[in-house]
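> The chain contents come next:
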Amino acid sequence: MSRWRTAAGGRVDRAHPLAFRFDGTRYEGLAGDTLASALLANGVHLVGRSFKYHRPRGIVTAGAEEPSALVTVRRDAARVTPDLRATQVELYEGLEAQSLNRWPSLARDVGRINDWLSPLFPAGFYYKTFMWPKSAWKSLYEPVIRHAAGLGVAPSEPDPDRYAQCYAHCDVLVVGAGPAGLAAALAAADQGARVMICDEQNEFGGSLLADRHATIDGTDAATWVGRAVAELAAHPRVVCLPRTTAFGYFPHNLIGLAERLTDHLAAPAPHAARERLWQVRARSVVIAAGSVERPLVFPGNDRPGVMLAGAARTYLNRYGVRVGDRVVLVTATDAGYEAAIDLRDAGVEVAGIADLRPTANGEWPAAARAAGIEVSESATVLGTSGNLRVAGITIAQTTASGAGGARRSLACDAVLMSGGYTPSVHLFSQSRGKLRWSDAHQAFLPERSAERERSAGACRGVYDLAEAIADGLQAGADAAPSRTASARRIAATSARSTDGGHLGAVPLASEASQKSFVDWQHDVTIKDLAIATREGFRSIEHVKRFTTTGMATDQGKTSNLNALAIVARAIDAPIPRVGLTTFRMPYTPTSFGTFAGPSRGDLFDPIRRTPIHEWAAAAGAVFEDVGMWKRARYFPEHGEDMHAAVARECRAVRSACGLFDASTLGKIEIVGPGAAEFLERLYVNSWANLGVGRCRYGILCREDGFITDDGVIARLAADRFHVTTTTGGAPRVLAMMEDYRQTEWPDLEVWLTSTTEQWAVIAVQGPKARDVLRECVEGIDLESAALPHMSVAAARICGVEGLVMRVSFTGELGYELNVPADYGLGVWKAVHAAGAGHGITCYGTETMHVLRAEKGYIIVGQDTDGTVTPDDAGLSWAVGRKKPDFVGRRSLQRQSMQAPDRKQLVGLRPRDGRTLLDEGAQVAEQPNQRPPMRLVGHVTSSYQSAVLGAPIALAMIAGGRARLGQTLVVPMPGGDVAVEVVSPVFYDPKGERINA
Amino acid sequence: MRETAVRNVPDLPASDWMRPLPPATRVAFQGGPAARAAAAQAFPLPDAQAVCRARRDGDRAGLWLGPDECLLIAPATTAAGALLGALRSAIGATAHSLVDVSHRQVGIEVRGPHAERLLNGACPLDLSLDRFPVDMCTRTVFAKAEIVLWRTDEQQFRVEVWRSFAPYTAALLQEIARDYVG
Chain G
24 MSRWRTAAGG RVDRAHPLAF RFDGTRYEGL AGDTLASALL ANGVHLVGRS FKYHRPRGIV
84 TAGAEEPSAL VTVRRDAARV TPDLRATQVE LYEGLEAQSL NRWPSLARDV GRINDWLSPL
144 FPAGFYYKTF MWPKSAWKSL YEPVIRHAAG LGVAPSEPDP DRYAQCYAHC DVLVVGAGPA
204 GLAAALAAAD QGARVMICDE QNEFGGSLLA DRHATIDGTD AATWVGRAVA ELAAHPRVVC
264 LPRTTAFGYF PHNLIGLAER LTDHLAAPAP HAARERLWQV RARSVVIAAG SVERPLVFPG
324 NDRPGVMLAG AARTYLNRYG VRVGDRVVLV TATDAGYEAA IDLRDAGVEV AGIADLRPTA
384 NGEWPAAARA AGIEVSESAT VLGTSGNLRV AGITIAQTTA SGAGGARRSL ACDAVLMSGG
444 YTPSVHLFSQ SRGKLRWSDA HQAFLPERSA ERERSAGACR GVYDLAEAIA DGLQAGADAA
504 PSRTASARRI AATSARSTDG GHLGAVPLAS EASQKSFVDW QHDVTIKDLA IATREGFRSI
564 EHVKRFTTTG MATDQGKTSN LNALAIVARA IDAPIPRVGL TTFRMPYTPT SFGTFAGPSR
624 GDLFDPIRRT PIHEWAAAAG AVFEDVGMWK RARYFPEHGE DMHAAVAREC RAVRSACGLF
684 DASTLGKIEI VGPGAAEFLE RLYVNSWANL GVGRCRYGIL CREDGFITDD GVIARLAADR
744 FHVTTTTGGA PRVLAMMEDY RQTEWPDLEV WLTSTTEQWA VIAVQGPKAR DVLRECVEGI
804 DLESAALPHM SVAAARICGV EGLVMRVSFT GELGYELNVP ADYGLGVWKA VHAAGAGHGI
864 TCYGTETMHV LRAEKGYIIV GQDTDGTVTP DDAGLSWAVG RKKPDFVGRR SLQRQSMQAP
924 DRKQLVGLRP RDGRTLLDEG AQVAEQPNQR PPMRLVGHVT SSYQSAVLGA PIALAMIAGG
984 RARLGQTLVV PMPGGDVAVE VVSPVFYDPK GERINA
Chain Y
28 MRETAVRNVP DLPASDWMRP LPPATRVAFQ GGPAARAAAA QAFPLPDAQA VCRARRDGDR
88 AGLWLGPDEC LLIAPATTAA GALLGALRSA IGATAHSLVD VSHRQVGIEV RGPHAERLLN
148 GACPLDLSLD RFPVDMCTRT VFAKAEIVLW RTDEQQFRVE VWRSFAPYTA ALLQEIARDY
208 VG
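Which chain is which? The protein sequence lines are G and Y, in order. Just remember that our numbering sits 23 ahead of the position in the first sequence, which is counted from 1. Just remember that our numbering sits 27 ahead of the position in the second sequence, which is counted from 1.
For reference, chain G alone in the conformation it holds in the complex (with noise of 0.2 Å):
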């Protein structure tokens, strides 16, 4: 056993030794240490280097405040996780960790030098420097820059753990369990209530584990920690969640739990997660965060060895770890002496304590001078000595005129400082609720809730034991939903006084020649805050942004209200009135993966597939993701590349017959007396005059008159549509047609019933389509004079009930089956096979899209981009003139929507006759302008045509069908391209195959 740790005592388990190793160093600690309590037991404190300067660091606190002693664990390749807390990292056996930012070694750092040369980087001095020359910021600054900047080094394989998330609901979310949270949940659970506890230790009890004074119910406080607990977790209402951080604080109560499930753990289960995200809708909740010590700020406080009275408290009865072998105590409260005595009694020599108050008579105060130990009061610190370690405080005291008086220079190897308390109010702050300053407290106090929370205990500034666990009890008898049982009273003593602190930094530490720090993890100093002062700002926002004081990853749990008391005294202004900044979720670094949880790889989203996928990908179809969907783009046969393949299947449809899986459609049936009234305020065509039977392309606008959507409807009965939608537009349409009916025409009667994945869509286009559908299709007659273009029928459809449409997106006679889903593969089977004899050949994504081009018929959101309106997709023939309205009708009547100007669809063929344009590619009149250039549209569409044997290209052009016949230019990668403007239909102008 090492010789920092004590004989007994503590909560760690002496029979379980653990070994680990730091830096590739090996040392031994126990299980139940944290990281930072093991290697203090080792008499490690130099632990890392700072984030700007490279200073020696050590350990300051005991919990996840910390801002100093940073570190990165390592598992495997993998598993590295940097910039972790070794106040909150867990000791397990053959745990790996090591020491950030320094190189070649922690105690051998070259960075070191910036320390030396600091002058040149003062606060802000990024905003001021390397401003020339310029272009230096690119190639030089900026590299070097970020290479110095940031701690730790993010792990670059991919994360190979699984997390996990749930939803929870709960009466009372008790968030902390140390007494006040204690307290709370037994009393919520006293009255009924549904209780979650969540703590993000280890263990339940706060600052109860490290406390040896006090006395509970009769007991000590560790007794009563294991009965509370024992009690809560047997009660069936109660769910209890160690190493849990409530990190964030969202609308309606709704917080986010992280759970760390195997970190501790020294061989996780294969396949267990590591970590649970929890979001937990609460009906009330309890904050009791407790409070965080506050350092004090002097010159040559960030040496290794100089902490937190209260942490070394902690590593003193908690861990059974002495910090040190001769110890001076700083002080500004009666907290810091508890500390002082505590490692006195476990046999540390405390060479002295400098108190900052003029008097310090307390209890302790006289229990320390009882004990030998001497008290200086009205004492400051003007510096410390060592190296890497504390090695020696110099105090003096401070007289009337400020001027330091008698100076003492005492030799120690830690020294315990203490600022006083400052509740922790992030939780409250996050839910939005309002803060107040406190005199008495000298700190920000919760005051008006925006949600069903209320604090209780420590974060509230209720620091008495007894008074605590009082404030807890109430608090959770009135969380809970109701009263049914009496009170519970806890009777409680503690020697623990909180009286004193100290805000800001000690006297004359600005006239120090040694740096006294406020943020230990961002480095910024009490010379930095003045800068900030000078150069005249005023806000703690500014300042903050200045400075960067705050804005590291401990989010200024330490440092903010010490800065804030600085500047006011800088600026002689009140602290509320430089005001204190947003704290911000997470509480603590939380981890990627606890957000994503499940949602990566092929459960990030769904994948969904249509009936006929299956037999797609089995014929080698290449798919593209079209939303959510998978769709065929092709089906290359005999090594065909694409180009290859959609040739031939262009070919196929336009000469004899093409099968398309056209399930992924948007289908929306509409049903009602009010359908066809609906439609007509909706869309912008008429429908009233369309007959049963009959089909329709349909165009819908926004109410900016642009278009959103549009698909082919059909009227199935007098009062019924079958409306299609594009595949990408569906759930939208349908909630902007939900919208409407629910909240402006509420006087219709009609009903919206999505159908999309009802029906299997197999389209068969081409020639001979029909020839292939006469094998297929029973119980109607498939002529022109009785199906023509446009129409609908329901008929037996290879023994299935279906629906078949005349309906062409590929300019030749086509039809679309509907099957039911179910059905959609044998169906797609048989005409398949029905096709063999008429060489049915069937085609992908990429084919329809070249057909519908060669027809001029436009993709919306490849051809339209938001700001198209249906006269400049050459539709105007589709808005119903002598409608009193639809939507979108009103902006359509704006004088600037019908502008000769505007970008109307064209077709371009290149005057070569062989060059593809690019799609997204520029327009313009001239060649070889000089910049800016003078663009008049751009292509949206571009495929080369198989059956016209030259490359074609739809395009937006200013004025375009004004156009037609002249000769503009497309500038592309390998030089302008002449190209002709030619009317957007390049393949059957009169339509006569599509009437076939």
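Hint data in this document are derived by calculation from the structure and do not stem from the laboratory. The C-beta atom is built at its ideal place from N, Cα and C for all residues, glycine as well. The reader is advised that the hints may include incorrect statements.
[Unchecked claim] Cβ-to-Cβ under 10 Å is the rule here; a few derived chain G residues that face chain Y:
1) Leu284
2) Gly620
3) Ser622
4) Leu626
5) Phe627
6) Met651
7) Thr687
8) Pro696
9) Glu700
10) Gly822
11) Leu848
12) His961
For this one, chain G is given, so just place chain Y on it according to the hints.
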């Protein structure tokens, strides 16, 4: 003429806590109180005021999805056409909407002592028995899939999900289950 096409349902995993339910006949009913009252003559339907409740009669059930909307589920042996016909005759001329959605979605049963927890892995509702009792049903989400969730017994739920979202829903349930049922 080609022979009648065979029926193919989505291929979903089954285990002792999850199974895909056999094909069913489903009808989306929408209409006002008068239409609902008339339809209830032909099929078990919850009252308009029985918010988020299912009404069962043998193997048929009507699920309240909205004040003017119900999802009707019957065994596949009841042909959709026959059910629609019976409902139409019962409702008569009163305005309403009936749409066959038998193939639109599939049913997945989740059961056992972990059923609530498995569903709460991706469904944000309070599924405790006192807040979500037997025969409560609602439209909700399961991660990125929209579902209808119906508690059919104390430890048994029926998830109705659109067919293309069913493999995702089942796979996510299996992933969640790794932390509870091994």
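> Taking the hints in turn, state whether each one holds.
How the hints compare with the structure:
Interface restraint check: Leu284 of chain G against chain Y, minimum CB-CB distance 9 Å, threshold 10 Å, status holds. The beta carbon of Gly620 of chain G comes within 9 Å of a beta carbon in chain Y, closer than 10 Å, and the hint placing it at the interface holds. Here the hint on Ser622 of chain G is kept, as its CB sits about 7 Å from the closest CB of chain Y, short of 10 Å. A cut of 10 Å between beta carbons decides the hint on Leu626 of chain G: the least distance to chain Y is about 6 Å, and the hint holds.
Because the beta carbon of Phe627 of chain G sits about 9 Å from the nearest beta carbon in chain Y, less than 10 Å, this interface hint is met. Interface hint at Met651 of chain G: satisfied, since its Cβ lies 8 Å from the closest Cβ of chain Y, which is below the 10 Å cut-off. A cut of 10 Å between beta carbons decides the hint on Thr687 of chain G: the least distance to chain Y is about 9 Å, and the hint holds. For the restraint placing Pro696 of chain G at the interface with chain Y, the shortest Cβ-Cβ distance is roughly 5 Å, inside the 10 Å limit, so the hint holds.
Taking 10 Å as the C-beta contact cut-off toward chain Y, the hint placing Glu700 of chain G at the interface is violated, the least distance being around 13 Å. Hint on Gly822 of chain G holds. Least Cβ distance to chain Y is approximately 3 Å, under the 10 Å limit. Restraint check, Leu848 of chain G versus chain Y: the minimum CB separation of about 5 Å is within 10 Å; hint holds. Taking 10 Å as the C-beta contact cut-off toward chain Y, the hint placing His961 of chain G at the interface is violated, the least distance being around 34 Å.
Hint violations for this structure: numbers 9 and 12, all remaining hints satisfied.
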